[in-house]
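Undergrad: Protein chains in written order, with our numbering: chain A, 41 to 354; chain B, 28 to 268.
Treat the hints with care, since some could be wrong.
As the list claims (entries may be wrong) - Restricting the straight-line Cα-Cα distance to at most 30 Å, the calculated cross-link-like pairs of lysine-lysine (DSSO-like) are:
#, chain 1, residue 1, chain 2, residue 2
1, B, LYS155, B, LYS229
2, A, LYS192, B, LYS120
3, A, LYS45, B, LYS229
4, A, LYS192, A, LYS45
5, A, LYS66, A, LYS45
6, A, LYS66, B, LYS120
7, B, LYS73, B, LYS229
As the list claims (entries may be wrong) - Sample of chain A residues with no beta-carbon within 10 Å of chain B, all distances over it, derived:
#, residue
8, ALA150
9, LYS192
10, MET324
It should be emphasised that the hints constitute simulated quantities derived from the structure, not laboratory data. Since the model is a prediction, treat every value here as computed from it, not as a measurement. Each residue gets a CB set at the ideal place from its N, CA and C atoms; glycine is no exception.
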Amino acid sequence: MIEVKGLTKYYGEHAAIRDLSFAIDKGEVIGFLGLNGAGKSTTLKILGCVLLPTAGDVTVDGIDIARHPHDVRRRIGFLPDQPPLYAEMTVSRYLSFVARLRGVPASAAAAAVVAAEEKTSTREVHDEPIGSLSHGFRQRVGVAQALVHNPKLLILDEPTSGLDPRQIVDMRAMIRNLRGDHTVLLSSHILSEISQTCDRLLIIQDGEIVDQGSEEDIARRIGGAAAVAIEVDVAGGPDSALAVLTQLPGITRATVVRQAAGVTTLRVESAADLRAQVARGLVMGGIDLVRIDKGAGRLEAIFLQLTETKELPQ
Amino acid sequence: MSATLLITQRELGTYLRSMTGYVIAAILLLVDGLLFNIFAIGGDDKLSATVLQQFFFYTSGLTMIASVFISMRLVAEERQTGTLVLLTSSPVKDGQIVVGKFLSGFLFLAMVLALTIVMPLLIRVNGKVSMGHLAAGYLGLLLLGSAAMAIGTLGSALARTQVLAAIFSGCMVTAMVLCWMLVHVTERPFNDLFAALAIHGKHFLPFQQGTIHLRDVVYYLMVTLVGLFAAVRVMEARRWR
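Based on the sequences and whatever the hints tell you, model everything.
TA: So this is what it looks like as structure tokens:
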């Protein structure tokens with residue numbers, strides 16, 4: 041569906057992205073993961089035919105975006121980080137305008153608007169002015185404009201940005217429902233978002249792809265990133281828990297994450313899921329176990345290891 | 028409907044639904060009415076044709092000012108609010124975006140200018156007004172407005188904010204008006220050059236007096252084309268940034 045080779049973009053002397061290469065198959069939901077300023081939005085703007093690259097080749101559905109941008113734009117729905125909404129228009133008028141602009145015939149525009157509204161659950165605000173909508177609905181209308189012309193590829197830049205937890209869950213479900221009908225490229229710096237929505241990850245750091253594949257594949261490849269996060273009572277202090285954990289076979293690393301209200305949170309990393317062994321070891325060692333959780337933090341661990349930064353994204 | 032007309036229709040709707048459009052229209056009509064009453068029909072008795080000439084003179088200045096304020100939002104506002112990407116990511120050429128926006132501003136200006144017809148009609152009540160003079164004067168206003176609107180569209184494409192757009196466009200239009208003043212303080216061949224470049228003066232005076240010269244029509248159309256062409260190039264260049 042998308043093939044990117046050697047994609048490079050300079051803003052003056054500064055390289056926003058350097059020599060990116062990746063491919064995305066039809067029907068996949070891909071997570072584009074990186075810290076703020078890593079080059080995600082620049083890449084997505086190039087794929088959305090908004091910006092032109094300094095170097096490199098990009099084809100969408102076999103069509104070169106530099107040579108035939110209009111043909112590519114007809115196949116793409118793009119939601120930038122800030123939804124491009126006209127506050128004074130009603131949702132239906134706005135979506136109808138976008139549909140017509142993207143080549144939907146006048147006779148089919150009304151049906152296209154209804155289909156997009158149903159996919160994004162915005163039918164109930166059909167006649168509302170966009171300016172009067174809540175942030176969650178605005179974001180949904182932003183997604184609706186991206187798919188109103190039924191594009192093969194949907195590019196969504198930070199679609200859950202600024203949403204409350206309930207709206208995030210709804211947005212996540214909506215994106216998952218788009219799977220199959222559309223190929224979706226989704227960017228976020230919210231790791232749980234990517235983890236729960238996407239089939240495959242592209243991790244970008246300082247304008248370069250540092251790894252790509254499924255979460256499991258990347259974890260296996262970089263080793264030691266299949267982490268088990270545990271929370272223990274610190275009546276005996278974190279040292280006793282650490283002493284027990286470091287003696288357990290298979291544990292590659294155990295670190296104190298935080299201490300608060302008498303509870304110490306420890307991160308335990310191992311090549312495999314050792315929850316049973318960790319729980320047994322702690323209880324046998326006389327340490328009160330409050331919680332043990334699988335997988336929480338695995339993507340964080342992958343991300344930290346690949347980007348080699350001490351700063352954790354949200 | 029083509030993408031250009033779709034954009035024109037949407038933009039024109041924005042002018043008609045927003046306060047900004049009505050405020051610009053109201054100020055233009057108010058100031059034009061005041062100038063007309065104080066200077067054109069006020070004072071000593073004058074011929075109807077002279078009053079009409081003065082009406083076109085004052086309205087031409089206001090047309091240029093209104094064009095700058097009407098056009099300032101065309102591209103800059105969309106860039107400011109982040110909606111420009113909707114157009115630039117759609118299968119629409121930059122030329123269609125620019126022309127669509129220009130046409131909306133121009134049509135809105137034409138609507139406002141149409142409302143000024145009440146003043147020539149007042150002259151007709153008490154005197155004689157030649158329809159040819161009236162038609163030539165309004166054609167001149169539309170051509171002048173078209174040229175100023177194209178310059179305004181360029182200013183709006185260049186600027187990041189509406190205020191900057193108004194400043195850029197205002198400076199460009201003022202520079203082209205000042206060319207006419209430079210004619211009087213320079214010698215040939217420079218005064219010929221400045222006269223040819225001036226957006227007012229030599230090119231508008233014939234319309235004001237009820238005469239249409241093909242040379243002047245071509246001049247205003249050329250300024251319009253050059254302004255729009257430059258605006259398209261600016262939009263294209265921004266994709267490279």
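Undergrad: Would you mind marking each hint as holding or not holding in the structure?
TA: Against the structure, the hints:
Straight-line distance between C-alpha atoms of B/LYS155 and B/LYS229 comes to about 26 Å, which keeps the hinted pair within the 30 Å bound. At roughly 21 Å between alpha-carbon atoms, A/LYS192 and B/LYS120 fall within 30 Å of each other, so this suggested pair holds. Distance restraint check for A/LYS45 and B/LYS229: the Cα-Cα separation of roughly 57 Å exceeds the 30 Å cut-off, and the hinted pair is therefore not satisfied. Between the alpha carbons of A/LYS192 and A/LYS45 the distance comes to roughly 20 Å, so the proposed pair stays at or under 30 Å and holds.
A threshold of 30 Å between alpha carbons decides the hint, and for A/LYS66 with A/LYS45 the separation of about 18 Å falls inside it, so the pair holds. Distance restraint check for A/LYS66 and B/LYS120: the Cα-Cα separation of roughly 28 Å lies within the 30 Å cut-off, and the hinted pair is therefore satisfied. This hinted pair checks out: B/LYS73 and B/LYS229 have alpha carbons roughly 24 Å apart, not beyond 30 Å. No Cβ of chain B approaches the Cβ of A/ALA150 within 10 Å, the least distance being about 15 Å, so the stated non-interface status holds.
With a cut of 10 Å on Cβ distances, A/LYS192 stays outside the contact zone with chain B, its closest approach being about 14 Å. Residue placement check: A/MET324 keeps its beta carbon more than 10 Å from all beta carbons of chain B (closest about 58 Å).
This entry does not satisfy hint 3, going by the numbered hints stated previously; all others are met.
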